[in-house]
Structures are given as structure tokens and as C-alpha cells.
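Residues 1 to 446 in UniProt numbering are what the sequence shown spells out, letter by letter.
Keep in mind the hints are simulated off the structure, nothing from the lab.
Certain hints may be false.
[Stated by the list, open to error] Listed below are the simulated EDC-like cross-link pairs for lysine to aspartate or glutamate, each with C-alpha atoms no more than 20 angstroms apart in a straight line:
#1 K313 <-> D367
#2 K384 <-> E395
#3 K313 <-> E291
#4 K399 <-> E389
#5 K400 <-> E389
[Said to hold, decoys possible] So the derived label-pair ranges between C-beta atoms look like this:
#6 A414 <-> K388: 52 to 60 angstroms
#7 A191 <-> E222: 42 to 50 angstroms
#8 R303 <-> A368: 53 to 61 angstroms
#9 W393 <-> L415: 41 to 49 angstroms
For each residue, glycine too, the CB sits at the ideal point set by N, CA and C.
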Amino acid sequence: EARRRPAGEGRAGRGGGAARGRSPLRAVLCCRCRHASGNKRQSRSLVDLTSDSPWDQQKPHLCPKSCLRPKSASSPWIPSITIPQPFKMTLREARKKSQLMKSYLFLELDKPRDKRQSQDEAECQKQFRAQPVPAHVFLPLYQEIMEQNEIRRQIATQKRKELLLSTQRPFSFLEKEEKRKEAIRQKFLAAATSSESSKPKQASRKVPKSTYDPLLGDKLKEAELYREIRIQMRAKDLLESSVAPIDTSNCRRKPQSRTATKTKQEKLGFLQDKSFSFTPRTNPTIPDFEELYWAFQREAVRRQEVKEATRNKPFKLRTSNLRSRQRQANERIKDSHQLSKVSMQKSRSLTALSSLSSNTLPVHITDATRKRESAIRCSQESKKEGDKEGIYWLEEQKKKCQAIRKSVNSRAKALDPHRSLDETLKEKLKQNWSVSLLHRDNCLLW
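Build the full structure now, drawing on both the sequences and the hints.
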């Protein structure tokens, strides 16, 4: 024990110095450990924390010396040597601090997750089913809704019409015209009321008794008859006393000189003598202007200058040397010559003049139009002939194809080593027939 104590004291001394140096950090760590775990733990000394031997682990921590059991005197003395081991308390404390902080943060983060997970599990354990269809769905409300919409629409349109009519204002000139008429009317009414008020009221006279006399009507008729007679007599008097209008020749003219009047009488004196020696010849017949017009038209047609048409020089192509083409070309040339002769005769005749109107000149067909018509006719004929040639060529090709097909089939049959089914069938029938005959003969012999 004496030898062990100094070592223990030295170790305790070293541990005590370290503990005194790090006592604030250890106090903070102990408080946080108690707060995080919620359990009260006993603090250990730095010596116990650094001890790794099983004897140090079994030794009670933070117990007073009075609580320890005294060692018996009979226990043998075991020599031991204290071997100091290096340690890093700062790293271990920092590591523990970080672990404690991490555990606290993880606990704070796990709380909402656990809560959400518990809610999900409770929600999954619930049983649910579809709710029944409400009864109002089956009611026929569509027609009622449509009627309500129609009524609402009509009310809205009526309101809009009333609003437009209320906000509508007349044009300025119409309003002015109405105001002017109203002012004139008010003016007339005011004048009438003033005149009526100014006039004194007159007493109504009685109807005279003479009006009721039966002879009054006869008197009125006689007075009307006398009036008509007076009008006629006055008209006759005015007609007899009437005079012709004033002669313009007797009107007052500008005064002329005597020499002027004398020369005028000398120059125009022959007009006063009625015995003239010269009598002009007049044509009493009225000319026929329509006939004269047609004669003028005929003379114009006869005298018009006809230009000689340009004639193309004939040329030959190689295709024209063919026999079929030569025959067709000759026929076309003959037809064109005949058509040109007929058209020339028709153009020179005057039979078409009767169909012309009196305001237009007769139309003359030129040589260019005549040649154009003949060229169009020839092109149409050549097109028809080409179509006929194409049809004829197709028919010839069909015939050639049929002949070639027949010849090819015959050659194929001749060169084919295999026999046809008809030939093999006939041979088989013959063989079977001969075999059956032999079999029958043999049966008869036996």
C-alpha cells in the first residue's frame, strides 16, 4: 500500500490539476447530458474517465472513503506498477459534444416525421365507402332552369331597352324646330286670348222674319238669272268694241338720214314689182332616201379596193413523201381550194346587204379570216385522223400480241418434257382397262 499510494497520489495529483483546468467544460457537458437524456447521472473524475483497466471500471465512482470496504489484512499484497497512458481529453469532449448536439437535432427532426407517420397509419386504418347519390339529382330541374334563364333574359333585354330609351336624346335641329313651333303656338294662343278678352260681348240678334217667307227662294233664283244675262250682254259689248293689237311696223324707229332712205328705196325697189321674169324650177316629187342609201352602199362595195392576199410558197417535208400522207395532203389541198372559191363568191355577192341595218356598213370577210377558218378546219380533221390511226394501231398491236402468245404457247408445249394431265389421265385409264381385261381372262381360264 505504501508503494502504491505515491503512485496513486501522483496520478491523482496530475488528474486533479487537469480537472481544475477543465472543470467549467465538464460542468457544461454534464448539464447538457442531464438535459438531453432526462436521467441523473453521476459525474466521474478525469482519472476514472482515463482508466481503461477492469479494476478501474469495477471501482465505485464518486463515493467517499468511508463507503469503501476496508481491505482485510489477510489479503495478499500484489505488487503493481502504474504505467501512465496518453489521452486526449479535448478531442473526446468535442466528439461527445458533437454527438450530443447531433442526437438532439435528430430528435427534433424525428418528432414531426413520427407524428406524420402516426397520422398516416391512423388514416390508412380508417374504413371509407362511397356516399350515396343525393335525391335532388333525380329531380327534372333542367326544364325549370331553362325557363328561369329565359325569363331572366327577357327581363334583362327589357331593362336594357328602357335604359336606352331613357338615355336617348333628340337631335339638336329637331329640338330647335319643336321649340320654335311651340313658341309660335303659344304666341297665337296669347293673341287669341287677348283679342277675345278685348272684344266686348255683343248681344245676339234675332233671325228676321223675312227669311221664313216662302217667296224668298224664287226671288233669289230670279236675281241669279238676271246676273247671268248681264254677264253675257257685257261680254258681247266688249267683243264688238275690241281692237287688234298695235302694229309693230308703225312703232317709232330711230331717225335715218334722207340719203340712206333714198338708197334703200333704190336697192329694194324691185321687191315692190310683182311681175318677176325669173321663175325657179322645183321638183314636186319627194326623193326616196332609203333607196338612195342602199344605192350608195352598193356603189361603195363595188368600188372598194380589194388587196391581193399573200400566198405562201409550197414546201415539201419528208413525211409528205409517204403514200398515206401524200393522199391526205392532196385531199386537204383540194378541200381548201374549194372552200376559198366558195367564200370568195359569197363575199362578192350582194345577198347579205338586205340583212344589214340602215346605220352600219356591210361586213367584208378578209382573206386572213378565211385562211384562219380553213386552218382550224384542217387541224380538226387531222386530229380526227390521228385518233383513227391510234385506234387502228392499238387493234393491230392486240392482234400481234395474240399471235405471239399462241406461238409461244405452242413452242412451250413442244419443248416441255412433262406431259399434261389430260394425256396422263388417258394413259392411266387405258392401262387400268387393259389390266382389268387380263384379270378377267385369267379368271375365266381358271
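> Taking only the CA atoms, is the gap from K399 to E389 under or equal to 20 angstroms?
Replying inline: OK: K399 and E389 at ~15 angstroms, within 20 angstroms.
> CB of R303 to CB of A368, is that within 53 to 61 angstroms?
Replying inline: 22 angstroms, violated
> Hey, K313 versus E291, does the alpha-carbon distance stay inside 20 angstroms?
Replying inline: 46 angstroms, violated
> Should the hint that A191 and E222 are 42 to 50 angstroms apart at their CB atoms be regarded as holding?
Replying inline: For A191 and E222 the Cβ distance comes to about 45 angstroms; the hint holds.
> Is the gap between the beta carbons of A414 and K388 within 52 to 60 angstroms?
Replying inline: 40 angstroms, violated
>> Just to be careful, I want the Cα atoms of K384 and E395 compared with a cutoff of 20 angstroms; is the pair within it?
In response: The given pair, whose Cα atoms are some 17 angstroms apart, holds under the 20 angstroms limit.
> Is it true that the CA of K400 sits at most 20 angstroms from the CA of E389?
Replying inline: 16 angstroms, holds
>> Hint check: K313 vs D367, CA-CA at most 20 angstroms. Holds or violated?
In response: 16 angstroms, holds
> W393 and L415, beta-carbon distance inside 41 to 49 angstroms?
Replying inline: 32 angstroms, violated
Hint check: violations occur at hints 3, 6, 8 and 9; the rest are consistent with the structure.
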